[in-house]
Amino acid sequence: MVGVGETDYYKAGQSPDAEFKLTLMAIINACEDAGIAPQDIDGFASYSDDRADPSHLAAALGCKELRFANMQWGGGGGGGSGALANAAAAVATGMAECVVVFRGLAQGQFGRFGQGPRRNVIAGDMAHTVPYGLMSPAQMFAMKVQRFMHDHGVEQPALRSISLASYHHAQQNPRAVMHGRPLDEEKYDASRWIVEPFHLFDCCLENDGAAAMLVVSAERAGDFKNTPAYVLSALSGSHYRAGASVHNTPDYATSTFKTLAPRLYEMAGVRPGDVDVLQSYENFTGGVLMSIVEHGFCEPDACNEFFVKERLQAPGGDLPLNTSGGNLAECYMHGLGLNIEAVRQLRGQSTNQVERAEVSMVISGPMVTPVSSCIYGSEATL
Amino acid sequence: MSGYLKPGLPQPAAGELDAPFWQGLRDEQLLLQRCDSCQRWQWGPEWLCHRCHHFELSFAAVSPQGVIYSFERVWHPVHPALKEQGPYLVVLVELPQADDVRVVGNLLGDPEQPVPIGAPVTAVFEHHNDADDPFTLLQWQLA
Chain A
1259 MVGVGETDYY
1269 KAGQSPDAEF
1279 KLTLMAIINA
1289 CEDAGIAPQD
1299 IDGFASYSDD
1309 RADPSHLAAA
1319 LGCKELRFAN
1329 MQWGGGGGGG
1339 SGALANAAAA
1349 VATGMAECVV
1359 VFRGLAQGQF
1369 GRFGQGPRRN
1379 VIAGDMAHTV
1389 PYGLMSPAQM
1399 FAMKVQRFMH
1409 DHGVEQPALR
1419 SISLASYHHA
1429 QQNPRAVMHG
1439 RPLDEEKYDA
1449 SRWIVEPFHL
1459 FDCCLENDGA
1469 AAMLVVSAER
1479 AGDFKNTPAY
1489 VLSALSGSHY
1499 RAGASVHNTP
1509 DYATSTFKTL
1519 APRLYEMAGV
1529 RPGDVDVLQS
1539 YENFTGGVLM
1549 SIVEHGFCEP
1559 DACNEFFVKE
1569 RLQAPGGDLP
1579 LNTSGGNLAE
1589 CYMHGLGLNI
1599 EAVRQLRGQS
1609 TNQVERAEVS
1619 MVISGPMVTP
1629 VSSCIYGSEA
1639 TL
Chain B
7 MSGYLKPGLP
17 QPAAGELDAP
27 FWQGLRDEQL
37 LLQRCDSCQR
47 WQWGPEWLCH
57 RCHHFELSFA
67 AVSPQGVIYS
77 FERVWHPVHP
87 ALKEQGPYLV
97 VLVELPQADD
107 VRVVGNLLGD
117 PEQPVPIGAP
127 VTAVFEHHND
137 ADDPFTLLQW
147 QLA
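Those protein sequences? They're chains A and B, same order as listed. Note that the first sequence covers residues 1259 to 1640 in the numbering used here. Note that the second sequence covers residues 7 to 149 in the numbering used here.
No lab work stands behind these hints: they were computed from the structure. Because the structure is a prediction, the values reported are computed rather than measured. Every residue gets a Cβ at the ideal spot worked out from N, C-alpha and C, and that includes glycine. Misleading hints may appear alongside valid ones.
What the hints assert, rightly or not - Simulated crosslink set (DSS-like; lysine-lysine; CA at most 30 Å straight-line): (1) A:Lys1567 - A:Lys1269; (2) A:Lys1269 - B:Lys89; (3) B:Lys12 - B:Lys89; (4) A:Lys1445 - B:Lys89; (5) A:Lys1279 - A:Lys1445; (6) A:Lys1269 - A:Lys1516.
To be verified - Negatives, chain A to chain B, calculated, CB over 12 Å: (7) Gly1293; (8) Ala1381; (9) Asp1409; (10) Gly1438; (11) Arg1521; (12) Pro1558; (13) Asp1559; (14) Gly1574; (15) Arg1605.
Take these sequences, add in the hints, and give me the full structure.
Following this line, the structure appears as structure tokens:
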């Protein structure tokens, strides 16, 4: 990972620029960060049905040749690290030499997430949920989290600690949308319910902006302007019949990482205890909690003791979490901002820098299918 | 009969896979998909049995009782029809007599009642006969 780029981040619907332009701006910024000519990009990888078509991007950028045009299936942020995995696989197998992973969103231009359907009739899987008032992402996932909390005796303060960590970090990050808007226990507890067990502050933002990251082979990684981050592992997937419709996956109360996480560590050759800093996609805090459990940082029955804010906050905590402010308080760039923050930590450029960060992990899109995760390492980890 | 939720949400339309289910609710029966070959249940409906891969599937009656597998109390309205609704309860009900498949419905009664996961519930067929295309929803109450 030799270059990262972002646009300014805006509240949903407030970008002055069109979505496609935002994506181009992020890619140009990543190229400048790396010292790569945009014409030398030969591959594109995205996720969640991004609307920027690689052929159009390559034409707009004047790319000399297009060798890899890839879309990771699945909605939400589940493909954030999956797109990276696809880009890395393309480079590793020689299909392409310089692949950009990107995501752009301008909801003012294209409509918001989190809204119920506006049709009069509805057919298919959604006919079995929407007429009962179960239609938004928060409502789909609260049901899973409620069951997990029931099974393992998890209490509300465990979720609250995750939210507090993101807002704590955002206060040090001037780019964060929630910079200057701190959160404490009282404000969290007094906030309205969206759907139990999620308060307002358990739910991600909705934003406009774009982010991009450049992947080249490890052999070339030293040839660029900035300190490279090495992809030690990156995977996507889900468990048995995770996609069974109408909430019928047999293993229900899960963030979908149980089968993926062991493969992730094996590929990277690291253990949970080796991870210095963690970015874990917050669509909703309950998904973060289950993700951290399923990646082996905490036993499911020990969540109330484990999830305390002191542990999750940089610089002092032993598992600094979402150190840019993440999807709750920096920006909801469908999680690609989390990958960029993971790289910043290895470069020593985070606004909440963790000392001697060598192993930096990202968990993308809990509770959807497929989900994905990745582990970046510094050169010293190779 | 008026519904648990205020009117105005999208109403279900029968599809190619689930038409017998919706007709069953009209007739106050809970019909779910069962494999003709291995006789096991599956839900939501699919074109083939995920266990034995036979394409011959039928709909058969399941006794309309279940247990609450999970639930949620919704406060924030995401649809204009629910602006004046106030809180409401959605339950995920598991059907032990049908290989533990699950269905979604509302839990009737006080929306602020405590909801015990694992509690037995009984189906209530909520008819919407005044709709242009009449339909029935599958609701639940504590047994």
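Status of each hint after checking the structure:
{"no.": "1", "hint": "A:Lys1567 - A:Lys1269", "verdict": "holds, 26 Å"}
{"no.": "2", "hint": "A:Lys1269 - B:Lys89", "verdict": "holds, 24 Å"}
{"no.": "3", "hint": "B:Lys12 - B:Lys89", "verdict": "holds, 9 Å"}
{"no.": "4", "hint": "A:Lys1445 - B:Lys89", "verdict": "holds, 25 Å"}
{"no.": "5", "hint": "A:Lys1279 - A:Lys1445", "verdict": "violated, 37 Å"}
{"no.": "6", "hint": "A:Lys1269 - A:Lys1516", "verdict": "violated, 34 Å"}
{"no.": "7", "hint": "Gly1293", "verdict": "holds, 45 Å"}
{"no.": "8", "hint": "Ala1381", "verdict": "violated, 4 Å"}
{"no.": "9", "hint": "Asp1409", "verdict": "violated, 9 Å"}
{"no.": "10", "hint": "Gly1438", "verdict": "holds, 25 Å"}
{"no.": "11", "hint": "Arg1521", "verdict": "holds, 23 Å"}
{"no.": "12", "hint": "Pro1558", "verdict": "holds, 16 Å"}
{"no.": "13", "hint": "Asp1559", "verdict": "holds, 17 Å"}
{"no.": "14", "hint": "Gly1574", "verdict": "holds, 35 Å"}
{"no.": "15", "hint": "Arg1605", "verdict": "holds, 39 Å"}
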